[in-house]
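Sequence order for the protein chains is E and X.
In terms of the numbering used here, the first sequence is numbered consecutively and its last residue is 325.
In terms of the numbering used here, the second sequence is numbered consecutively and its last residue is 329.
The hints are simulated quantities; they were obtained by calculation from the structure and are not laboratory data.
Quantities reported herein were computed from a predicted structural model and do not represent experimental measurements.
Every residue, glycine too, gets a C-beta built ideally from N, C-alpha and C.
Be aware that a few hints might be false.
No more than 25 angstroms apart at the CA atoms, straight line, and that leaves these computed lysine to any residue pairs for SDA-like [to be verified]:
| id | chain 1 | residue 1 | chain 2 | residue 2 |
| --- | --- | --- | --- | --- |
| 1 | E | Lys168 | X | Lys197 |
| 2 | X | Lys197 | E | Glu162 |
| 3 | X | Lys243 | E | Pro224 |
| 4 | X | Lys18 | E | Ser164 |
| 5 | E | Lys136 | E | Lys18 |
| 6 | E | Lys168 | X | Thr264 |
| 7 | X | Lys197 | E | Arg298 |
| 8 | E | Lys168 | X | Thr65 |
| 9 | E | Lys18 | X | Leu278 |
| 10 | E | Lys168 | X | Lys243 |
| 11 | X | Lys18 | E | His155 |
| 12 | X | Lys18 | E | Thr157 |
| 13 | X | Lys198 | E | Lys168 |
| 14 | E | Lys18 | X | Ser155 |
| 15 | X | Lys20 | E | Arg298 |
| 16 | E | Lys168 | X | Leu254 |
| 17 | X | Lys18 | E | Phe212 |
| 18 | E | Lys168 | X | Pro172 |
According to the in silico footprint, chain E covers these stretches of chain X (three or more CB under 8 angstroms from chain E) [what the hints assert, rightly or not]:
| id | stretch |
| --- | --- |
| 19 | 191-202 |
| 20 | 207-220 |
Listed next, the stretches of chain X that the computed footprint assigns to chain E, with coverage defined by at least 3 CB atoms under 8 angstroms from CB atoms of chain E [said to hold, decoys possible]:
| id | stretch |
| --- | --- |
| 21 | 22-36 |
| 22 | 179-185 |
| 23 | 250-259 |
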Amino acid sequence: MTFLSGRNLAKSYFLPKSLWHKEEIRAVHDVSIDLEQKNGPGSDGRGGNVGLVGESGSGKSTLARLLSRLERPSGGSLCFRGEEIGYLPESLLLPFRREVQVIFQDAAASLNPRHSVEKILSEPLRNFFPGLRRKERLEKIAEILHQVGLSPDHYTRFPHEFSGGQKRRLAIARAVIIHPSLLVCDEVTSGLDVSLQGQLLNLFLELGDKFGVHYLLVSHDLPAVRYLCRRILVMYAGRIVEDFPAAETGASVHPYTRALLESEPSLDGSFSPRFLPGEPPDPSAYPLGCPFHPRCRERKALCSEVQPGLKEVGENHRAACHLA
Amino acid sequence: MLEVKNLNTVFPTPKGKIRAANGISFSMEEGRCLALIGESGAGKSVTALSLLRLVPPPGKITGGEILLDNRDLLKLSRDEMRQVRGEELALVFQDSLSAFNPVRTVGTHICETINAHRNLSSRQARDLALEKMADLGLPAERVFRSYPFQLSGGMRQRAALAMALCLHPRVIITDEATTSLDVTLQAQVLHYLKKHLADCCMSILFITHDLAAAAAVADRVAVIYAGKIVESGPLKEVFKQPLHPYTRTLLRSHPSFCPGTLQPIQGSPPDLAVLPGGCSFYPRCSEAADICLKKDPETMEAVSGHQVACHLVNSEICPEGERAAL
Numbered sequence: 002m003t004f005l006s007g008r009n010l011a012k013s014y015f016l017p018k019s020l021w022h023k024e025e026i027r028a029v030h031d032v033s034i035d036l037e038q039k040n041g042p043g044s045d046g047r048g049g050n051v052g053l054v055g056e057s058g059s060g061k062s063t064l065a066r067l068l069s070r071l072e073r074p075s076g077g078s079l080c081f082r083g084e085e086i087g088y089l090p091e092s093l094l095l096p097f098r099r100e101v102q103v104i105f106q107d108a109a110a111s112l113n114p115r116h117s118v119e120k121i122l123s124e125p126l127r128n129f130f131p132g133l134r135r136k137e138r139l140e141k142i143a144e145i146l147h148q149v150g151l152s153p154d155h156y157t158r159f160p161h162e163f164s165g166g167q168k169r170r171l172a173i174a175r176a177v178i179i180h181p182s183l184l185v186c187d188e189v190t191s192g193l194d195v196s197l198q199g200q201l202l203n204l205f206l207e208l209g210d211k212f213g214v215h216y217l218l219v220s221h222d223l224p225a226v227r228y229l230c231r232r233i234l235v236m237y238a239g240r241i242v243e244d245f246p247a248a249e250t251g252a253s254v255h256p257y258t259r260a261l262l263e264s265e266p267s268l269d270g271s272f273s274p275r276f277l278p279g280e281p282p283d284p285s286a287y288p289l290g291c292p293f294h295p296r297c298r299e300r301k302a303l304c305s306e307v308q309p310g311l312k313e314v315g316e317n318h319r320a321a322c323h324l325a
Numbered sequence: 004m005l006e007v008k009n010l011n012t013v014f015p016t017p018k019g020k021i022r023a024a025n026g027i028s029f030s031m032e033e034g035r036c037l038a039l040i041g042e043s044g045a046g047k048s049v050t051a052l053s054l055l056r057l058v059p060p061p062g063k064i065t066g067g068e069i070l071l072d073n074r075d076l077l078k079l080s081r082d083e084m085r086q087v088r089g090e091e092l093a094l095v096f097q098d099s100l101s102a103f104n105p106v107r108t109v110g111t112h113i114c115e116t117i118n119a120h121r122n123l124s125s126r127q128a129r130d131l132a133l134e135k136m137a138d139l140g141l142p143a144e145r146v147f148r149s150y151p152f153q154l155s156g157g158m159r160q161r162a163a164l165a166m167a168l169c170l171h172p173r174v175i176i177t178d179e180a181t182t183s184l185d186v187t188l189q190a191q192v193l194h195y196l197k198k199h200l201a202d203c204c205m206s207i208l209f210i211t212h213d214l215a216a217a218a219a220v221a222d223r224v225a226v227i228y229a230g231k232i233v234e235s236g237p238l239k240e241v242f243k244q245p246l247h248p249y250t251r252t253l254l255r256s257h258p259s260f261c262p263g264t265l266q267p268i269q270g271s272p273p274d275l276a277v278l279p280g281g282c283s284f285y286p287r288c289s290e291a292a293d294i295c296l297k298k299d300p301e302t303m304e305a306v307s308g309h310q311v312a313c314h315l316v317n318s319e320i321c322p323e324g325e326r327a328a329l
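Kindly produce the complete structure, drawing on both the sequences and the hints.
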């Protein structure tokens, strides 16, 4: 069942350029995306997970913020269980928030330093289950703390008493305590030690299996995305350029996706010196035609004139490239 | 060429002495790249800063030797040390935005470094800076005139690298220099580092927690845990046949090394102020035996060129006679 679907989503920001002119930054445009519900008890916790990858500035974080309605789209529609929610005021979004939660990259900054763990974790409970008594809330808190690998008697502590990895677990606990269906994770594993990263990825899988939580993992860490997700969306210059099953990375057709995969250092020490030259395009002035063509090794004359649309190139596999 | 022997760096705190580097020894050859890998808090950065004698107070280097061409850097005077920094040992930091002064152009930074060490006219210094930047694949003229905030992360990191390379140092230390970059930019920086290594006879001490990046550039690898090097050897050997349980678990936590389900290390690194007696990895080690709790393992050569500090390896690999001698 389609759970959350965006059609032709767009988001532009306007920067003042001079006194009278504003420059349009098209962070995301013309993105259509469907998220489905497949995780649940007995699944391996990966079924419906989607990875969103791309370079910085490709619009992946903006898309994640649109899908979690932290930003109001500038165009297109966003449907949640068949209902349009793209332009609803915040007060009517409560049922949506109950099912879609976000974890930010900087977990430490997203926890109020003056709130105890009990207060941090009871806030979502108060919002969404106002009828609960304190005793019931504490039971739920103890359960979730145990679930994310923290000690249940940590509820009196404050954020500064935890290590970096524990703070991330706390942020995850806060998001998962109301059992949402979708967890939007913006670069949650980047900048972490390998050991911590591995622990978190396994925790995500476990929670997906137990509570049926689905993940939208925004990351530039390809190994992590491949490990957690069944489907990978590649973004470039505010658009989705390829959508393919994570198991078939070898079958990717878009030159940008292949360049991304090649840039990943291989482990046997045979680092291929082929890397993507140049920089991502300026979001205020995308090149005509395919936005990737100035950096593409295989470009043809057509690429600089006509922008390719996303089309089927195989089973569950779409790409926006003239050469596909 | 560069040899570090039994380096000890200590930070006194109210809780007790933090031994951030606890008897670190390694050596580097010319034209080679050594990767120093470990979790955060293992003492990687302190080692880098100790080599340059830049440990921030109250931290102090309390013992050991840092030999660069048989000259002990710890015995040099302050002025002599200033000459060594930049000229013979150069350091590139993780966060290049804070390494640059925001109100000065990138060109000014590089020329300042050159002028501090060489007696060159401003024209010559400029040419040298432009040449180095072009070597790293940067649009040299534009970057020279730019302020740090005007450059993208990858370009800035390469500019920082150009600044470190402009005096042809013997050893360049990169402290997590590629960690915060995108894969594509990381590949660019790694490519230029590797190219430079081949072109000039320079050695790199590549400090990272990213095993994949280490695999891409290094020939040798040293794994550091709680201020000690627990395993070191040729990269391929260590990654294929890790001898220390810590290295094994580290590899098992990385999605690209471990095809099935990840088996990350549980727990977190020990508090360096109150190190457990015996082997410091003992509390997290799944294979720990009684002896690990009692005695700190000594570093020993398991296979030629491959050192490890673990009791369990001794019993498996060492012949009886050698073990008795230990």
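Identify every previously stated hint that the structure contradicts and give their numbers, smallest first. 1, 2, 5, 8, 9, 10, 13, 15, 17, 18, 21
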